[in-house]
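For the protein sequence lines, the chains are A and B, in the order given.
The first sequence runs 107 to 589 under our numbering.
The second sequence runs 107 to 589 under our numbering.
Hints should not be assumed to be uniformly reliable.
Subject to a maximum C-alpha distance of 25 Å in a straight line, what follows is the list of computed SDA-like cross-link-like pairs (lysine to any residue) [as the list claims (entries may be wrong)]:
#1 B:LYS491 - A:GLY558
#2 A:LYS452 - B:ASP457
#3 B:LYS498 - A:GLU542
#4 B:LYS452 - A:GLY558
#5 B:LYS491 - A:LEU302
#6 B:LYS452 - A:ASN437
#7 A:LYS452 - B:GLU453
#8 B:LYS491 - A:PHE545
#9 B:LYS498 - A:ASN437
#10 A:LYS491 - B:LYS477
#11 A:LYS498 - B:TRP486
#12 B:LYS477 - A:TRP486
#13 A:LYS498 - A:HIS180
#14 A:LYS491 - B:TRP520
#15 B:LYS466 - A:ILE416
#16 A:LYS477 - B:ALA470
#17 A:LYS491 - B:GLU453
#18 A:LYS498 - B:ASP575
#19 B:LYS498 - A:PRO260
#20 B:LYS477 - A:THR487
No wet-lab data here; the hints were simulated from the structure.
Protein chains: 2
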Amino acid sequence: MRTDSVYGVVLAGGSGQRFWPLSRELSPKQMLTVFGTESLIAQAVHRVDSVVEAVYIVTNERLFDELRNHLSSHADRSLQGVRYLQEPMPKNTAPAIAFAAATLELVDPGAVMIVLPSDHLLETGDLWRDCLESAVKLAEADYLVTIGIAPTRPDTGYGYIQGGPALEEFAVRDAHPRQAARFVEKPDTAHAEEFLASGEYYWNAGIFVMRAARLLEELEADAATAPIAETSRWIAGVQGTDGFDADVARQRFGDLESISIDHAVMERSNRVAVIPAGLKWSDVGSLLALETIADPDDLGTVRVGRGVDIDSRDSIVYSTDRLVATLGIENLLVVDTADATLVLPKERAQDVRLVVEALKAIDAEEVVQPKVSLRPWGSWTSLLKGPGFQIKLLEIDPGQKPSLQRHRHRSEHWIVVSGTALVTRDDEHIEVHVNESAFIPIGAVHRIENCGKVPLKVIEVQVGEYLLDDDIVRIEDDWHRER
Amino acid sequence: MRTDSVYGVVLAGGSGQRFWPLSRELSPKQMLTVFGTESLIAQAVHRVDSVVEAVYIVTNERLFDELRNHLSSHADRSLQGVRYLQEPMPKNTAPAIAFAAATLELVDPGAVMIVLPSDHLLETGDLWRDCLESAVKLAEADYLVTIGIAPTRPDTGYGYIQGGPALEEFAVRDAHPRQAARFVEKPDTAHAEEFLASGEYYWNAGIFVMRAARLLEELEADAATAPIAETSRWIAGVQGTDGFDADVARQRFGDLESISIDHAVMERSNRVAVIPAGLKWSDVGSLLALETIADPDDLGTVRVGRGVDIDSRDSIVYSTDRLVATLGIENLLVVDTADATLVLPKERAQDVRLVVEALKAIDAEEVVQPKVSLRPWGSWTSLLKGPGFQIKLLEIDPGQKPSLQRHRHRSEHWIVVSGTALVTRDDEHIEVHVNESAFIPIGAVHRIENCGKVPLKVIEVQVGEYLLDDDIVRIEDDWHRER
Numbered sequence: 107m108r109t110d111s112v113y114g115v116v117l118a119g120g121s122g123q124r125f126w127p128l129s130r131e132l133s134p135k136q137m138l139t140v141f142g143t144e145s146l147i148a149q150a151v152h153r154v155d156s157v158v159e160a161v162y163i164v165t166n167e168r169l170f171d172e173l174r175n176h177l178s179s180h181a182d183r184s185l186q187g188v189r190y191l192q193e194p195m196p197k198n199t200a201p202a203i204a205f206a207a208a209t210l211e212l213v214d215p216g217a218v219m220i221v222l223p224s225d226h227l228l229e230t231g232d233l234w235r236d237c238l239e240s241a242v243k244l245a246e247a248d249y250l251v252t253i254g255i256a257p258t259r260p261d262t263g264y265g266y267i268q269g270g271p272a273l274e275e276f277a278v279r280d281a282h283p284r285q286a287a288r289f290v291e292k293p294d295t296a297h298a299e300e301f302l303a304s305g306e307y308y309w310n311a312g313i314f315v316m317r318a319a320r321l322l323e324e325l326e327a328d329a330a331t332a333p334i335a336e337t338s339r340w341i342a343g344v345q346g347t348d349g350f351d352a353d354v355a356r357q358r359f360g361d362l363e364s365i366s367i368d369h370a371v372m373e374r375s376n377r378v379a380v381i382p383a384g385l386k387w388s389d390v391g392s393l394l395a396l397e398t399i400a401d402p403d404d405l406g407t408v409r410v411g412r413g414v415d416i417d418s419r420d421s422i423v424y425s426t427d428r429l430v431a432t433l434g435i436e437n438l439l440v441v442d443t444a445d446a447t448l449v450l451p452k453e454r455a456q457d458v459r460l461v462v463e464a465l466k467a468i469d470a471e472e473v474v475q476p477k478v479s480l481r482p483w484g485s486w487t488s489l490l491k492g493p494g495f496q497i498k499l500l501e502i503d504p505g506q507k508p509s510l511q512r513h514r515h516r517s518e519h520w521i522v523v524s525g526t527a528l529v530t531r532d533d534e535h536i537e538v539h540v541n542e543s544a545f546i547p548i549g550a551v552h553r554i555e556n557c558g559k560v561p562l563k564v565i566e567v568q569v570g571e572y573l574l575d576d577d578i579v580r581i582e583d584d585w586h587r588e589r
Numbered sequence: 107m108r109t110d111s112v113y114g115v116v117l118a119g120g121s122g123q124r125f126w127p128l129s130r131e132l133s134p135k136q137m138l139t140v141f142g143t144e145s146l147i148a149q150a151v152h153r154v155d156s157v158v159e160a161v162y163i164v165t166n167e168r169l170f171d172e173l174r175n176h177l178s179s180h181a182d183r184s185l186q187g188v189r190y191l192q193e194p195m196p197k198n199t200a201p202a203i204a205f206a207a208a209t210l211e212l213v214d215p216g217a218v219m220i221v222l223p224s225d226h227l228l229e230t231g232d233l234w235r236d237c238l239e240s241a242v243k244l245a246e247a248d249y250l251v252t253i254g255i256a257p258t259r260p261d262t263g264y265g266y267i268q269g270g271p272a273l274e275e276f277a278v279r280d281a282h283p284r285q286a287a288r289f290v291e292k293p294d295t296a297h298a299e300e301f302l303a304s305g306e307y308y309w310n311a312g313i314f315v316m317r318a319a320r321l322l323e324e325l326e327a328d329a330a331t332a333p334i335a336e337t338s339r340w341i342a343g344v345q346g347t348d349g350f351d352a353d354v355a356r357q358r359f360g361d362l363e364s365i366s367i368d369h370a371v372m373e374r375s376n377r378v379a380v381i382p383a384g385l386k387w388s389d390v391g392s393l394l395a396l397e398t399i400a401d402p403d404d405l406g407t408v409r410v411g412r413g414v415d416i417d418s419r420d421s422i423v424y425s426t427d428r429l430v431a432t433l434g435i436e437n438l439l440v441v442d443t444a445d446a447t448l449v450l451p452k453e454r455a456q457d458v459r460l461v462v463e464a465l466k467a468i469d470a471e472e473v474v475q476p477k478v479s480l481r482p483w484g485s486w487t488s489l490l491k492g493p494g495f496q497i498k499l500l501e502i503d504p505g506q507k508p509s510l511q512r513h514r515h516r517s518e519h520w521i522v523v524s525g526t527a528l529v530t531r532d533d534e535h536i537e538v539h540v541n542e543s544a545f546i547p548i549g550a551v552h553r554i555e556n557c558g559k560v561p562l563k564v565i566e567v568q569v570g571e572y573l574l575d576d577d578i579v580r581i582e583d584d585w586h587r588e589r
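Please take these sequences and the hints and turn them into a complete structure.
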């Protein structure tokens, strides 16, 4: 298929509270590496990167740094090469996609967008590529296209799309598009069973293919949705110029109706196509999805991580690194991370946001901050905080270096426990080998670089009265971060 | 009351698997500080130390170091002044008490022993002291005395003692002893209810008062128990002399019947007294005892530690330092420590040993080793282990110093994050202040001392190929430890 003027648009503004404690505000669901060898967002990028000119990640100010750190920490060039669009604030999918469309339209007036969520699982392969090729052909003929997943069970948690007359002239090998007859919200069980039996209904997986300009026209055609297109066009036009005022943008974007692309466009337009596809797909909707990543034991309990389960039935016990033991539990979910543990019945998996809200109310930092923070140069892990000191483990990839920086309130001791470091301290440049250490006094301009060929591991002991992350004055940074 | 020739004998050989993960093999139940401001064993010592000449802790080789470290880490002189008796191996209570009796008889032929468990809770005060005074009088008149707790519920988990005719001539104020009519093992519910209603039965709390020589005579009087007295007398006679052979002692002690003092003596003797006492008492028999240490919330859930419980009923959520959240659980026990978490229904609390056994089978070190290890000089906490390195937090009390030592396989970096250290490194003596560090190369003879007036906190980063605790060559030690 042709790839010029085709762009991937990955929607990555979601905060994924339902996966706490595995996900955090600053490490949301799309960054989870639990499901497969790559994170969900990396999988999403790879789902389209070979068939597009460029992949755009649509996110917001709060998540931008974290997502960029996450994706650029992969050696993978296609992940480092993605572009970022920052919505002024998180809204629903219609404003997010409109904002991407308005930006793309300025770059390439004929732009076709393949829009997809950043936090789902989807089988790829020949059929997926056939679907995309067919979808792009349809989009060029001004269709708004969605990929419909052939249902395998009468699920009441998904939206459905009913297929209409065939659009066989746009078929590509195994991809046979149809007009979309109607969109149905989450049905009751009777309807879901009827839909499944009919063979005419498909799961709405949130995957859309359309010309950018065409989407904006559709939004403009209805007075209710026209402001979404107008505001998106205005922000796209002024962003990066002197005329851009972040506060005004935030206010105008914030005034937009919070509406999904389904409601705003797909359900209303009379030129919608669906391409049915028998692809394995999951929206990874709750912690129950952990059930799929390992085989159950004889009593139906799925375990990941160290520990034992005695007489425990039909439960999910997931631990990232600590020891967890269970005895005689039934139908429970136990999710354990380095700094927080959650216990709940499986049937309450949809309600984890209640826990997150309650934890926010007591200012629990475990809701916001992950234990391991990915950086473009590697990662750091918080080991211990005490009065006046903090200990971190820094892991720096070969050839990488955090910024040249200084601190106003803390000194730092670096002890190399693996690899070799090149330490800059004011005018000095010191090679520090395994089992050697360096001391950075308060105020000293410093940098650490992995000048070796293997990962560099450094124990950093910070001592000072004020130890928060914002005490960093960046002087030079490979990633142009201000702080 | 007179205290000369009266001795406390605290039985502290138990391993307390039922409290995992709060207790560990090397930090058993009697060292728990969960129930009150002091550990259970410290409470046991204080229960008798004001009315005796000396307190003896009966323990075994495996626990001796840990118990001594634990008790000598208290500033409290009475805890530092206890004496230790090491059984050649853990046996039941009859051999343990006989061994204590044989040792005491050599020290003081008229010795009266107040024997008590190290891991129970007991209300003390005037009535308790009256009981002890009365018990010592009875013991001197050759009675084997037990304190019987007035039952408050028909508990089927305890043994009962039936009271017989009064022994009013030995009464002391509110303590009115009676002859013991009979000992009853854990009864069924009907009997337990009958016992409670009768007012004639008391809980057997494992507290015994008797002359040492009298106990040995009782054991000798029966051919079945005579070897317990003989072997105990033999070990007591040779221990600490050239004639002592640890292997022979272990073999002979190991050959003894594993029998409780109740079975061996109390149930058989015709000169047993019971002093009924309306004292609050608990054997702290399982993790369910955690229910008593905080008030339940509106849904009946008892929580200790950081976190939230949403819609969680009649559960116990106990966390030592991490965040634990629950949602919609019922009748569960969630026990969380720095390195391990246990989840089980409350009704399975008696079966925690099954978990411990399963964890032993997979060599989980969390069964053996506590996260924080108390030492006579303070404590150390394991923060992180990685390939070739290990990080500990050392906390050293003012004026204290770990041993002068060296390592064959590791170097150490010490970073002072609080207080002031005097570091010995071969021939050097260096004062290391907060935010300064010292490096100890492999093989160097070294010591760290808290030469200041406030607790010294040091981050120790060990680097080497072999990092286990047995790579310590002790050259000098304030506590005469070999390693």
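Hint check results:
1. B:LYS491 - A:GLY558: holds, 23 Å
2. A:LYS452 - B:ASP457: holds, 24 Å
3. B:LYS498 - A:GLU542: Holds, at about 17 Å.
4. B:LYS452 - A:GLY558: violated, 54 Å
5. B:LYS491 - A:LEU302: violated, 53 Å
6. B:LYS452 - A:ASN437: Within the cut-off at roughly 16 Å; holds.
7. A:LYS452 - B:GLU453: At roughly 20 Å apart (the allowed maximum being 25 Å), GLU453 (chain B) and LYS452 (chain A) satisfy the hint.
8. B:LYS491 - A:PHE545: This hinted pair holds, its Cα atoms lying about 23 Å apart.
9. B:LYS498 - A:ASN437: violated, 38 Å
10. A:LYS491 - B:LYS477: Judged against 25 Å, a Cα distance of about 16 Å means the pair holds.
11. A:LYS498 - B:TRP486: With Cα atoms ~18 Å apart, LYS498 (chain A) and TRP486 (chain B) stay inside 25 Å; holds.
12. B:LYS477 - A:TRP486: This hinted pair holds, its Cα atoms lying about 23 Å apart.
13. A:LYS498 - A:HIS180: holds, 21 Å
14. A:LYS491 - B:TRP520: Roughly 17 Å separates the two Cα atoms, so the pair holds.
15. B:LYS466 - A:ILE416: holds, 13 Å
16. A:LYS477 - B:ALA470: holds, 24 Å
17. A:LYS491 - B:GLU453: It is violated: about 37 Å lies between the C-alpha atoms, which goes past 25 Å.
18. A:LYS498 - B:ASP575: Answer holds: LYS498 (chain A) to ASP575 (chain B) is near 24 Å, not above 25 Å.
19. B:LYS498 - A:PRO260: violated, 54 Å
20. B:LYS477 - A:THR487: holds, 19 Å
Violated hints, listed in ascending order, are 4, 5, 9, 17, 19; each of the other numbered hints is respected by the structure.
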